[in-house]
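Asker: The lines below spell out each chain.
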Amino acid sequence: MASAQHGQDHYYVPESSPWPIVAMISALLMVFGLALWINAVGLGAWIFFGGFILLAVMFYGWFSDVVRENLSNVYNAQVSRSFRQGMFWFIASEVFFFLSFFGALFYLRTIALPWLGGEGYLAMTHHLLYSGFEAVWPTAGPQPTAGEFEAMGAWGIPALNTAILLSSGATLTWAHWALKKNDQKQLIWGLIATVVLGLIFVGFQAYEYIHAYRDLNLTLEQGIYGSTFFMLTGFHGFHVIVGAIMLLAVLGRAIKGHFSPHNHFAFEAAAWYWHFVDVVWLALFVFVYWL
Amino acid sequence: MLATKRSRSGSLLAAALAVTGFGATAAADEVQRWGVNFPPPASTTAQEIYDIHMLTMGIATILLVIIFAVVIYSLIVHRKSRGYPADQHFHETWFGRWSWVFVPVMVLGVDLTIAGAAQKTLERVWVVPQDQPLLDVKVIGHQWYWEFVYLDHDVKIESRFVPKEEAGIHYLREVDNRLVLPTHQRVRFLHTASDVLHAFWVPELAVKKDAIPGYVTETWVNLTREGVFRGQCAELCGTWHARMPIVVEGVSQERFDAWIEEQKQVKLAALAEATAEREWDKDELMARGERLYNTMCAACHQVDGSGMPPAFPAIRGSAVATGPIPRHMEVVLKGVPGTAMAAWNSLNDLEIASIITYQRNAWGNDTGDVVQPSDVNAAR
Amino acid sequence: MTTATHAHADHEHHGPPSGLKRWLFSTNHKDIGTMYLVFALIMLFLGGASAMVIRAELFMPGLQLVQPDLYNNLVTNHALIMIFGAVMPAAAGLANWMIPLMIGAPDMALPRMNNLSFWILPAAALMLILSFVVPFFPGGGTQINTGWTLYPPLSLQVGMSMDFLIFAIHLLGVSSVLASINIIVTIFNMRAPGLRMMQLPIFVWAWLVTAFLLILVVPVLAAGVTMLLFDRHFGTSFFIAAGGGDPVLFQHLFWFFGHPEVYILILPSLGVLASILPTFSRKPLFGHHSLVGAMIAIAALGMIVWAHHQYTVGMSLAAVKYFMIMTILISIPVGLIIFNYMMTMWRGAMTFETPMLFTVAIILMFSFGGLTGVMLAVVPADMQYHDSMFVVAHFHYVLLPGAVWGLFAGVFYWLPKWTGHMYDEKLAKTFFWLHVVSFNITFFPQHFIGLAGMPRRIVDYNVMFTEFNMISSVGAFFFGISHLLFLYIIIKTVRGGEKAKARAWESAQGLEWEVESPPPHHTWTTPPTIKTA
Ligand code: HEA
Ligand code: HEA
Ligand code: CUA
Ligand SMILES: [Cu+2]
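If you read the sequences in order, they're chains A, B and C.
Residue numbers for the first sequence, in the working numbering: 1 to 291.
Residue numbers for the second sequence, in the working numbering: 1001 to 1380.
Residue numbers for the third sequence, in the working numbering: 2001 to 2533.
Chain A extracted, bound-state conformation:
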């Protein structure tokens, strides 16, 4: 059966690899540690960070293997297609993760809140339980527990951040053009600019959080406004950080000259991811900050 076939038309099935099992162990340590940590039990935090370090090692090792295989030219067009499609569907699943949070925001704001305020099908709720409550967004709910707060405006830092993230998308595309015409220098500068813009974004975001907590009394405890605001922006921020790390790795490889106009899956994967994070931000800007 297994007649030896050589060359480009041949699908590459990797030899056995230790990394998946390492990944599993690191994931297990992280969730186990986290479960203990949030309950203030024992060595939770340490176990979590142990798992995290292992995770970093795993990613490094796993991707080093992939890079090595790639550089030794064992992949063919079909393998590269597999990688691309895999990344595409991964992002699709992420889209649905974010959609659930947007869905929750939509539900709480336009369905549940009117009920609490005495409109629609469950209007008796208002009548019997919260007769003094007026349903206006932003709100911390009919029985707030954490005092007054101010909502986050859209036209200060958030608008600026929108511009920053959009420009980072542009610089990334600029880098991609460079890659296509094999302009090493422009590629590197494009990537650097993108990463720097990404980091500025994260910095502003961190500043905004501090501002929220310190000056606006806007915290996670501020009912549904605080909950949805921090969860949506928080998960987005986390994705920006992940995307920036991916771009950094790509930058490193670009500097080493790994990419060619026809072979740069890693670049494209990171770029797709970055654009996805970009689009999520636009939705955030509209639905969380603006409207």
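Hints listed in this document are in silico derivations from the structure and should not be mistaken for laboratory results.
None of the values given here were measured: they were computed from a predicted structure.
Glycine is no exception: its CB is placed at the ideal position from the N, C-alpha and C atoms.
Treat each hint with caution, since some may be false.
[As the list claims (entries may be wrong)] Straight-line C-alpha distance at most 30 Å; calculated DSS-like pairs for lysine-lysine:
| # | chain 1 | residue 1 | chain 2 | residue 2 |
| --- | --- | --- | --- | --- |
| 1 | B | 1138 | B | 1267 |
| 2 | B | 1138 | C | 2321 |
| 3 | C | 2429 | B | 1080 |
| 4 | C | 2321 | B | 1080 |
| 5 | B | 1267 | B | 1334 |
[What the hints assert, rightly or not] Label pairs and their calculated CB-CB ranges:
| # | chain 1 | residue 1 | chain 2 | residue 2 | range |
| --- | --- | --- | --- | --- | --- |
| 6 | B | 1338 | C | 2488 | 43 to 51 Å |
| 7 | A | 68 | C | 2197 | 28 to 36 Å |
| 8 | A | 81 | B | 1338 | 49 to 57 Å |
| 9 | A | 68 | C | 2430 | 52 to 60 Å |
| 10 | C | 2477 | B | 1082 | 36 to 44 Å |
| 11 | C | 2477 | A | 63 | 47 to 55 Å |
| 12 | C | 2126 | B | 1260 | 53 to 61 Å |
| 13 | B | 1120 | C | 2477 | 43 to 51 Å |
| 14 | C | 2437 | B | 1082 | 22 to 30 Å |
| 15 | B | 1082 | C | 2474 | 32 to 40 Å |
| 16 | A | 63 | C | 2516 | 32 to 40 Å |
| 17 | B | 1260 | C | 2056 | 40 to 48 Å |
| 18 | A | 61 | C | 2194 | 32 to 40 Å |
| 19 | B | 1327 | A | 196 | 51 to 59 Å |
Model the placement of chains B and C with the ligands on the given structure of chain A, informed by the hints.
Answerer: Just chains B and C with the ligands now, kept in the frame of chain A:
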């Protein structure tokens, strides 16, 4: 198969087992043993729901019979051992080529029949009709008892499960205070809960609605006959979910009015007693406390005060119940947020004083403390 | 190994690596498939053990064996273990084994990630088991007494074990999403040259649709339990009315996942049947294209009907009407599938080996379960059925005949391929009859007690429900024992038996029957040539 075979096979089985003496022990007075279908409806909506249930079950039965018939015929006839030659081109006949059109159309027809009938029923039972005066009953689910408030009459009753010795054959479907409702009068239930989700369900009335903490949902009934109708909490609400029976007593309007009047008197008397300016002595408080504790607190903390750790702490020897009184009062009045321990501030001063006194002196908690209603009032 | 590459083209190995490394580090779809199947079998026994305790407790009224919280915890982990630990991994095991063989691919598209998807499962199982065990330790908090639906606010009251469970669900989600990505990419990108999508076996199509469903809905569950975690520990109020949240929001998120999930469980099994039926009816599958269409329709409709699990939460008339009609309409594609299967048997020359016996039983019993599903979909009637034992009866009739038996049928059908041995037909038939008869004794009476008014998830019940519960429990014990026979048959077949031919069943069609039984470690390193009809 469903409609007919269901009841028939049920009674066949019942007969067969009864003959062998399997289980058939307690004589069933009101209990409808071997129930295989909905109990006889006792409200207008229940009747409608019963009818739509029988209709869909009938349709399902017919469909199932057809499927069984076709498959069994095929199994008998189209087998290799009988030398039946496989028809290799069956899927290429006009039947094979067009079945993807006409099968869905046929199924759609049945679907629309069901959905159409269901919609009509739905429109009649779903929305609470507002064209006639309603008797409003607020239904509050607690872990693990029901509270019913007759909003128009300012009467409130609490309804708890009663232990096996008292309930007998109705164990888990019997309560201390029944929900009394008049017949031929539209009643609106306004459901809510104080802690977790519960669901109010009485099969004879065919109402089931979730009681959601912080929201109010509605259902309505119009009782068509007098009688005692038993149901249970139908949404998992924690440890004693199985011990939240609901018993509705349908009575005539006159008896209902009399009953309401009686409840009002009882309430006034209790209020007068609780606010009476007087010092209570320990024995009195202990006696009242024991009774109240056993009905209200023992579901979790147990009659002997031993609790059910880790879910429910023991009161016997508890640091709170043997420590400073203010802390003890705070736990009882404010509850412990995020746990099943509710705030019991709807009890009156006398009730709380007696429960706390009882907890501090029973089962070897010999603190000797006596808490007076005035102390409770001050701590509120 | 298809590692005949430029890097080391000179030395080629054909066999698997030896020892533990073969399994821990595997990149081979057959080995990974085997691990999935073994894992699923272990989990079936674990989940079944919980079910046995449940049935033993329900044998009589009164509290005999377990305390209420422990009972509810058993119900919770029974459901989670069965669904996430047994059925889904078993289906993934079949996918791993069969899809590459069926489409002429040398392996899955992303073999290392394939290994990761499997190995996350034992980690998740460990977290799941810990969530059950933790409350028994001092300081471990309370038991998970919420049922598998984890509805808040009850799930906010539970102690630390709930966090273990939430993280277990995250891990399970990661595993399923990665596995689904792999399956989709394999099917799109790894088909043998000339094999067009519409020529793919229905099993492959079924898994393709399933994988899409998984990618779309599992992240929603992950998001839902993440919000739960934040409500529990970080002060948010997604599900707390006082802060403007709504406990019902969690139900929407859960069932947006949960309803498609039931089709995730059923579709691979329905796909298996499409392989078995033509073989034992000795004629081509009836309505190949419409089966593909029906499965896509099930997935599409399945995504927009979730709230039929929440008819009692207080939705508006318009909302319940919409969900009712959409739910009822699912009977169209499912009915079409059942019809096509019946017509595949019709005018065939049938023989009744065990896989075929199971298939026939599935067509009959699953239809029954599906029809009670349509009854449940009718809103006014569901006012009565909801959260009663009638629902329990419904979903065991679809889950066991639909999902589990389909997997059993697939196991019997392909066991000769995997092991190279024919299983013991006589024993297998004994197993079949014991299994199917005791199944019906177990779950049929539950319809009655449900209609008569017994809620589900109660540890203790009124005497009026005694008799049918007793029958059900007795049936369940026989049903449980039948699994031991199943295990015995499997072990016996793995260890020996009549040698299986490459084409183990005389008229089996499909690429998987072109390779030897058992297949060599690496198959289709040279893609087969597909002759286009
Ligand atoms: C494999 C799993 C599976 C499958 C396939 C199904 C299939 C269906 N289910 Fe079921 N269901 C569950 C698993 C499943 N279910 C589970 C686990 C629960 C409970 C969860 C919990 O609460 O814990 C549940 C609960 C559940 C409920 C909620 C009940 C309640 O809690 O009140 C409802 C309500 O609509 C429902 C409906 C349906 C319908 C309409 C189908 C349809 O897909 C069925 C379609 C099939 C047929 C109809 C039969 C074949 C068709 C024909 C023969 C054609 C002719 C038919 C007609 C014209 C009608 N299911
Ligand atoms: C694929 C999913 C799946 C499967 C396969 C099963 C299989 C079984 N289930 Fe299921 N069950 C669910 C999914 C499933 N269940 C779900 C989703 C719920 C709802 C949970 C909730 O409410 O939250 C539920 C709830 C549920 C209840 C309701 C509990 C309640 O509401 O109070 C009951 C009660 O009878 C029950 C019984 C059984 C039985 C007897 C089996 C049997 O098929 C099990 C048979 C298998 C074995 C027994 C294992 C193998 C054999 C041995 C271990 C040998 C030892 C044998 C003996 C000692 C006799 N299950
Ligand atoms: Cu209250 Cu169940
Ligand atoms: Cu469903």
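Asker: Hint by hint, note whether the structure agrees.
Answerer: Okay, the hints, checked on the actual structure:
no. : hint                        : result
1   : B/1138 - B/1267             : 18 Å, holds
2   : B/1138 - C/2321             : 26 Å, holds
3   : C/2429 - B/1080             : 18 Å, holds
4   : C/2321 - B/1080             : 48 Å, violated
5   : B/1267 - B/1334             : 24 Å, holds
6   : B/1338 - C/2488: 43 to 51 Å : 49 Å, holds
7   : A/68 - C/2197: 28 to 36 Å   : 34 Å, holds
8   : A/81 - B/1338: 49 to 57 Å   : 51 Å, holds
9   : A/68 - C/2430: 52 to 60 Å   : 55 Å, holds
10  : C/2477 - B/1082: 36 to 44 Å : 38 Å, holds
11  : C/2477 - A/63: 47 to 55 Å   : 52 Å, holds
12  : C/2126 - B/1260: 53 to 61 Å : 58 Å, holds
13  : B/1120 - C/2477: 43 to 51 Å : 45 Å, holds
14  : C/2437 - B/1082: 22 to 30 Å : 25 Å, holds
15  : B/1082 - C/2474: 32 to 40 Å : 37 Å, holds
16  : A/63 - C/2516: 32 to 40 Å   : 37 Å, holds
17  : B/1260 - C/2056: 40 to 48 Å : 47 Å, holds
18  : A/61 - C/2194: 32 to 40 Å   : 38 Å, holds
19  : B/1327 - A/196: 51 to 59 Å  : 56 Å, holds
Of the numbered hints stated above, the single one contradicted by the structure is hint 4.
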